[in-house]
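S.K.: Single-letter residue listing:
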Amino acid sequence: MVQSSLSDHDLIVKARSGSDAGFAALVDRHQQAVRNFLRKIVPNSHEADDLAQETFLAAWSSLSKLEDGAKFQTWVMGIAWRKAKMTARSAVRTRERDHAWSETQDGSQKGVNELALALKQALEQLSPDQRAAVALCLGEGWSHGDAAKALEIPLGTLKSHVNRGRAKLMEILEDAR
Amino acid sequence: MTENNPHTDPLSNPLAKYFEADAAPATDPAFRLEVMERMARKRLYTEMAKNAATAFMLILSFMLAWPALRGALDAPGASTMATVSILTIIGIVAFAGHWLTTHRWNLRMLLPR
Chain A
1 MVQSSLSDHD LIVKARSGSD AGFAALVDRH QQAVRNFLRK IVPNSHEADD LAQETFLAAW
61 SSLSKLEDGA KFQTWVMGIA WRKAKMTARS AVRTRERDHA WSETQDGSQK GVNELALALK
121 QALEQLSPDQ RAAVALCLGE GWSHGDAAKA LEIPLGTLKS HVNRGRAKLM EILEDAR
Chain B
1001 MTENNPHTDP LSNPLAKYFE ADAAPATDPA FRLEVMERMA RKRLYTEMAK NAATAFMLIL
1061 SFMLAWPALR GALDAPGAST MATVSILTII GIVAFAGHWL TTHRWNLRML LPR
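Line order of the protein sequences matches chains A and B.
Quick note on my numbering: the first sequence kicks off at 1 and runs consecutively.
Quick note on my numbering: the second sequence kicks off at 1001 and runs consecutively.
Errors might be hidden in some of the hints.
As the list claims (entries may be wrong) - Once the Cα atoms are required to be at most 25 angstroms apart in a straight line, the calculated PhoX-like pairs of lysine-lysine come out as: (1) B/1042 - A/83; (2) A/65 - B/1042; (3) A/71 - A/14; (4) A/159 - A/65; (5) B/1042 - A/85.
Claimed, not checked - Part of the chain B face toward chain A, derived, beta carbon under 7 angstroms: (6) 1023; (7) 1024; (8) 1032; (9) 1038; (10) 1074.
Treat the hints as calculated values from the structure; they're not laboratory data.
Idealized CB from N, CA, C, for every residue including glycine.
Sequences and hints are given; from them, build the entire structure.
M.R.: Shown next, in the form of C-alpha cells:
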C-alpha cells in the first residue's frame, strides 16, 4: 500500500479530509496491537476481533476529537479498553460467553494451542485492570507511560498492576506445568 | 514504546512465548475489509437519517404553510407572486433543515478569538 510510508500523523490528516484509504492504512498498521490486546482481556477471540472492529469504527467516527500531537495507538487502545470494559459490564452475557468459550476449549481446540489456552486461563484469574496492564506492557511491549495513558490510570498503579500481574501469572503458569 | 518497560526483552520475559501463541497476524486484509464495510454501512445509515430529516422538514414546512398557500391560491385574482413567495419560503426552510442536519454546529466559531 502506498500509504505505508506515511507517518500516523499524515494518515490521520488524510483520513480527516475524507480519505478511506488513509484510514485503511491506519487500520492495517494498528490492527495487530489492538487485536492482541483485546484477545488477552476478552474471553473469546472472535468477540475480541469484533470488538476491535467496533473500536476502529468508533475511532473513525471521532477522529476529529483526537488531539494534535496525541499518539494514535495510545488513543485507539484507550477506546478498545473502554469498549472492553463496557462489554464486560453486561455480566450475564459475559458469563454465557465464558461458558460457551470453555466448552469450545474442551473440544478440538485444546490441543491446537496449549500455550495460548494456558495463558488465557491464567489471565482470567487476574483483575480486569491487571489483565489489561499485563496485556499491554508484557504482551505488546508498551512503555508504562503509554499504557497508563491508554488505560487512564496513574503510572504508579499501572506499574503495580504489571508487577503483581506478572508475578501471579508466573506462579499460575509454573503450577500448571 | 519500550523506553521504560523492563519486561520487553524476550530473555527477561519468560511469558513472551505465551503471548506470542495467540497473536493476531501482522497483516490481515480481511480484517481491514470488515472495518471498511462497517464504515460504509454507518455512512449509509447516517446519510439516510439526514435525508429523512430533510424530508421531514420539507413536509412539516409545507403543512405549516398550507393554509396560507391555499388561501393565496383560492383568493379571487390570486397573485402568482404570492404563491411563488410561499413556495420559496418552504424551499428555504427545507434547505436550512438540510444544512442543519449535514453540518455540525461549532460553537467555538462564534466565540471571540
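S.K.: Which of the listed hints are broken here?
M.R.: 4 and 10
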